[in-house]
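Trainee: Below, each chain spelled out in residue letters.
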Amino acid sequence: MTGVTTRAARRRMRRFDNPWTNPKLFCGAGLLLAIVALGLLGRLLWDLDLVFTGSAPLKLPPIGFENLRGQPGVPAHPIGTDGSGRDMLALIAIGAPNTLFVGFLASLIGMGAGIVLGFTAGFVGGRTDDTIRVLSDVMITIPPLLILVVFQSAFGDVSLTIMALLIAGFAWQSPTRLIRAQVLSMKQSGYVMMARLSGAPTHHIMFREMLPNLVPYLFGSFIANVTTSIVTAVGLEVLGLGPQRIPTLGRTIYDAISAGALIQNLWWWWGIPTVLLAVMFIGLLLVNLGLDEISNPRLRRLGR
Amino acid sequence: MTEPGHPDGGSRIHETAGVPGTTAETVHTGSGRNRGRGGPVDSMTGRPVLTLRELSVDFPTPQGVVQAVRKLSLDVRLGRRVGFVGESGSGKTTTALAIMRMLADPGHVSGGTIDLGGVDMLKLSEEDMRLARLSRVAYIPQGAMNSLNPVMRVEQQLWDAISAHEGRRNRKELMRRSDEALDSVGLHPRTGRLHPHELSGGMKQRVCIALGMILRPELIIADEPTSALDVVTQRQVMQTLREAQALAGSGLILIGHDMGLMAQSVDELAVLRQGELVEYGDIRRILGNPGHPYTRALISSVPLVGGKSFLRPSSAREAPGSRRPAPLLTFDRVSKVYGKLTALHPLSFTLRGDVPKIISIVGQSGSGKSTLGSIVLGFTHPTAGAVRFEGRDLRRAGAAGKLGFRRDVQAVLQDPYACFNPFYRVRHALAYPYRRFGLARDEAHIRQRMEEVCRTVGLDPDLVLPRYPHQLSGGQRQRLIVARALMLSPKLLVADEPVSMVDASLRATILSNIYDLKDRFGISILYITHDLATAYHVSDYVMVLYRGRVVEAGPPGQVIGNPEHPYTRLLVDSIPWPDPDRPWGGSAGPEPAADHAHVADAPFAYRGSVEGFELVTR
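Those protein sequence lines, which keep their order, are chains U and F. No gaps in the numbering here: position 237 of the first sequence is 237 in my numbering, and each next residue is one more. In short: position in the second sequence from 1, add 1000, done, that's my numbering.
Treat the hints loosely; a few may be bogus.
Claimed, not checked - SDA-like, lysine to any residue: derived pairs with alpha carbons at most 20 Å apart:
| hint | chain 1 | residue 1 | chain 2 | residue 2 |
| --- | --- | --- | --- | --- |
| 1 | F | K1402 | U | L218 |
| 2 | F | K1491 | U | G199 |
| 3 | F | K1402 | U | M193 |
| 4 | U | K187 | F | H1381 |
| 5 | F | K1172 | F | H1197 |
| 6 | F | K1071 | F | R1053 |
| 7 | F | K1402 | F | V1387 |
To be verified - Restraint-style ranges between C-beta atoms, simulated for each label pair:
| hint | chain 1 | residue 1 | chain 2 | residue 2 | range |
| --- | --- | --- | --- | --- | --- |
| 8 | U | L285 | F | S1489 | 49 to 59 Å |
| 9 | U | L239 | F | D1105 | 28 to 38 Å |
| 10 | U | G30 | F | D1105 | 28 to 38 Å |
| 11 | U | V215 | F | V1066 | 26 to 36 Å |
| 12 | U | L184 | F | D1105 | 28 to 38 Å |
| 13 | F | S1348 | U | L184 | 28 to 38 Å |
| 14 | U | P143 | F | L1194 | 39 to 49 Å |
The hints are simulated quantities; they were obtained by calculation from the structure and are not laboratory data. We put the CB at the ideal spot given by N, CA and C, even for glycine.
Excised from the complex, chain F in its bound form (with noise of 0.2 Å):
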């Protein structure tokens, strides 16, 4: 409520915003006017069964009333897959949540009405509203799978839902349905009898499918459920919700942000921007002919392998190259073992660092690429092997020399959200390391290199400084990170997927600061992802993990753009694309846990190298 507007979100529509595209009637202006639509309604079939007519929803606040949705008006019909697209704060859970009625006080409906199959959702009594839940529609949170009772069966989760609506049913009739349940979303009945924790993140995420499902309920609304999944699990997870919803019938609305997800998984798109629906129509269409220019920013910022660069560097130049006496950063037969898991296998490379280059290292979660990076940041140790950074082994430095360490060895970390510690304002993260390290010299000093970082990375230095965290979006807060970064100009910089938790319509930005990084500041960059497309576009060279060991390595072009190894082959698969007519998640795709033996067996692939960096393959 209190988030401001991102000052980064408008500029960057205005900029992409130049190809005048044919405005057909497709914005709503809410006015209700145009809710008769002529095209696409002729290829909907089934009939609504949820329809909303000029919805709002109010949060009142002490700096006045927040309008989180403005008077939307879409219908969702059986069997028809929705999506609900925009950054975060557009509305899109609030929309969910009103339908739900499980809006957090103080926020309400403030006009308009829900109308699900026939009953007007807002007159509806308190328990006939709970009786409504899951047998009529479903709503899986965002990170519902951790929120599964941990000390619970699967199964018996499965049969208090079937209890609380329908009553009490014998052992044997809730065995049956939740078996059914667990077998339509590709789940073995064994798995009913485990615990949460035994289960991986995609399982659990399928369980809770089948826990939305198990009613079956006509309209199910899945709240990003994949977004704390790799890009493999993510369409595993995806594919079985199709099926399940399919199977089922039901009228789906999928809340998300990244336009490639949607493009391969939806019918129907809605478009929400700052609580209005901007754009609402047949997905095709949209992406053929997107009629508003936010829609279109949407677009463009996925990223796509052997496409033309989504970055916009701003500088061509390159940073002026510089003769090192040792090696930046040289891996000797590194290998790091957890009890009986071997997270990395021995790995020896050397980045030399005379040019700033970007090493991505990619893979699942689980492939080590964390582990890997961590030992790089000397939070992990190795269990065997060596890591120099300039030809000195870490661990023989003595206090100034690791203190020396830390200045040149920097990190983007993966969550935005935790980075900040929330007690101070957000300039503390950046003045502490730079007293610290002893790189100021006055107050002045600290508040001038600030401001100027700030800038660098396109934030307004006196609208984000002065504020808690707490009050800055995600996006802000990983640019300060860069920025923080930025300031204390390392020698080198471990990025650990640094745009996983940041909506997709940033990630470009924070991107191109990153690569700004390495261009103009000279610095050189481990990127760590499961996102092969933003590898494609940023990396010099790229390492495939697959189970702590390099299967494919070389530059993007080759790995990525034609990938050898099976397993490199899987992951680019698994991208989804802002194309609806490419197989994503159907059949075409091989089931990877079938194929791990596959995978495994196959032989390692490297690809040709690059200057500056090496790789040793035995």
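Bound conformation, chain U alone (with noise of 0.2 Å):
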């Protein structure tokens, strides 16, 4: 018996040595570059221009089954069309990369936001500290939906940048909570204490000693954030608010939804997008449970 956790324990530790074995990070990093490689690879080998409204016929299913009115699908539009006439796979070629990227910068832009904050909170104390923990508190307690909901109705049509914009004036408040927290206990810390000791500028402490600790931190928070980043962007979208005139998954499952999809059985139409960002979201969630593995540094091991 204990040969056997002995030696599964040998493995899961030679795991360890180098991150980028790691199944967890490897599979989830996988995953979200194939939803890049599917933008790409769309761009380049099929014809974009299909994502305009009545350029194919409508309702067409994808290869291999048969819509309500006993159609087949075709080759020329391999896993279907919408309700209004346009090519499935264009659409999720241009909408799964642009739901991607509304979550990316949404969340860059929140973290980013954080970091200033949160050293800025931890390191000047007083006065400072005081209105960013309020600010950040105060916002925390706002569900973010509601204020949306409310911004978006009013500008009517907004870019993928703006609506990223808006989602990221409601992910910096955790970073900012997390970073404050750390910098506090960090400023207290021995190593912190002798680079005060080697004459070391506020810059350098707070960029050089403490900034390479919180790594892991902003790494699994960026992650998360991203998540619920897309899921902001995808619930608006699906009240039909965000973008109206750039595809996005949730704005073709609102279309879905609106056209009666279900009851006319096209599951093709909401069902593509769901599934993709299914993936994502799986994809997302294995990347942070693998950099949790990684990114102890007790693992790291003597390297050159």
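Assembly of the complex is requested from the two constituent chains, each provided in isolation within its own frame, with the hints serving as guidance.
Mentor: Right under this line is the structure:
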């Protein structure tokens, strides 16, 4: 019995040695890259003009299936078309990377603000700290969807970047709190004390001594933020808000629902974007789990 | 696991192994051949409560299997106290965890038996083992006092222990038993109604002992129960532990690395080294006639007040003195007040610095000694008075002056584990300040200087510098910090408890390194400590701080060798010595809490002066 556990344990340890052989991180990154690849290959190999309304026959099923009118799928539109004559493949080749882009951009902006505010609050302290802390605490209690719905309906049509910015307005609070807490505890640590004894200027202590130790937290928090941002973005799009003229996965689901795709059994219209969203979330989750496993510096080996 | 063997540990032992002892059959080679011990058995009364036979513990790692404990065999009898002594990594705690069946994955018992009062612990089911923990064998882990639940009252935590093993009990009985348990460790029942943050360190440690004893286990394992406490509190806690154990009549395993503490607290001693039992027997026998060179090294590493110097300075040559235009450090009626608490009463002294001196500042935790150190380093600003370094007030200095001050005043801090940024290889800690202070000509110059100072403190630069901090032992890290100070050659070094978190066997080495800084490199040192025995050996002048006031000051031979003030006497009496016959922690010493009025009223004692240091006494 002990022999088996020992061998399993040793295998588990060896897996930690090289971060890039971590299977979770590898699979997760693979799934996310597949979505990016879908967008790139789509642009090279497929006619993306097919996203325009009426560029194809309506409601065609994927190859090998029949729709309610008995029409079979055709090779010109391998995964079918939607209710206004748009090719599904072209739709997701543009929509899926767009959704991912909104999530990453929103999270990136949110993290950037979080790092700056968190470090300022933790390092400067006093009134500045109070202001930032109260602000982020108050913002955390406001449900983002509520505000965003109001904003978006007021703005009408928005671009992807504006949308990402709006979502980023709700993605900076938790990184701010996390980093502030870490900075406060690190400020007391021996190595920061040693750095001060070494005459290190504040920016050195912040960015060279503290920040590297935060990298695991930042990565984890970043990926988690991407997930929440995508959920928020898709939530808005499914409600019919967000960009009106640019295809996204959420927008496609909204169109399908409002055209009665569920009743007409047009499953490919809403089903394919849903599956892609699921793939995206599973990919992000795996990346997060993988990063968790490898980010412990104690497991780092003696390098060259 | 990845911790490399200390290169220093081995060499030290060979140095001290000069005296050939009568090597009796004391060394357990693990073959089981020596199991039938002759002499000491007669003196051991009581049936064995714990029997270990050929116990081995393995930790598989990517680099191969590490044998943390190798074929360990020994008995613990009812009513006896057995000490496990050895440096970190010797397998003391691992053995204790194996007995508790609490080894961290992937460690496991790879051979041998653990028998607790006739029950084979390795064969118990998980549920039976859970019930056996605390009720039959209690483990008080290192730093247990910090693991009390902060949101629960002390008595509720005691009740939890009872109801987890005996099911629901009515409140009256729980109350009675928790009060009894607290009483047995000398705490008032009122303490039970408090939350952990309202207790002092010593009280928290006593609560942990009460928690361990509440179900009257046959065996108690205390893992360095006093490691974070100062000498006075250490003595009180050890006294409590011994009394509680005697009351319950159970066996006790005391884990530690300080031979002095062991000598004053246990009946039998097991010396462990790299997972092997190198010596086992009656404490008096081992202290009187240690059989193994490693044991002798451990005993000789304990500094004694009045004994011959345990330091081996590498050079007897005094650093050349130099005339300074202004005294190195001047305190002019410096005081520090935090709210209602006065951490430091007005204090004035002048350290000339013409000839380097080591000034010791001793006292318990809370005596204001760390505040004093922090003021010298410029991290804390005094409430009143002025600190002048080379005649200049730091607070009026410009940016260049501040950087110069940083270069000239360096520190060795208490916790070597926290002093290195885990993100960088350890050479960062040495190279960065060197570059920052503009001392480096080029990269090759930095490398050469780093290698030089590493060798000076007895470390192999090729082995140490390219590593990450977690790959080095505490002793190696602390020596690197000393090397860092040496590399910057400051004019003043503040050493705040530099050896309190380091294995006893390495203390002498590190203190010798620090002593060398003064002797060979002409650096004046403020040595802040609660350990009077080391202060006795290293310092030129000693100031005893009590509640922010200097109560006794003078050359160490007089102040520590022949203390006048009752507080100094209390500190000296609290030092554990490797002498089992010396009264320590018994009824002989006065109870300090009751004595505070007496201590506070005693007149201050100023006992002469040394050249180059002047304490203004009024």
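Trainee: Work down the list of hints and note, for each, if the structure agrees.
Mentor: Evaluated hints:
no.: 1; hint: K1402(F) / L218(U); verdict: violated, 34 Å
no.: 2; hint: K1491(F) / G199(U); verdict: holds, 15 Å
no.: 3; hint: K1402(F) / M193(U); verdict: holds, 16 Å
no.: 4; hint: K187(U) / H1381(F); verdict: holds, 18 Å
no.: 5; hint: K1172(F) / H1197(F); verdict: violated, 26 Å
no.: 6; hint: K1071(F) / R1053(F); verdict: holds, 7 Å
no.: 7; hint: K1402(F) / V1387(F); verdict: holds, 14 Å
no.: 8; hint: L285(U) / S1489(F): 49 to 59 Å; verdict: holds, 54 Å
no.: 9; hint: L239(U) / D1105(F): 28 to 38 Å; verdict: violated, 48 Å
no.: 10; hint: G30(U) / D1105(F): 28 to 38 Å; verdict: holds, 29 Å
no.: 11; hint: V215(U) / V1066(F): 26 to 36 Å; verdict: holds, 29 Å
no.: 12; hint: L184(U) / D1105(F): 28 to 38 Å; verdict: holds, 32 Å
no.: 13; hint: S1348(F) / L184(U): 28 to 38 Å; verdict: holds, 36 Å
no.: 14; hint: P143(U) / L1194(F): 39 to 49 Å; verdict: holds, 41 Å
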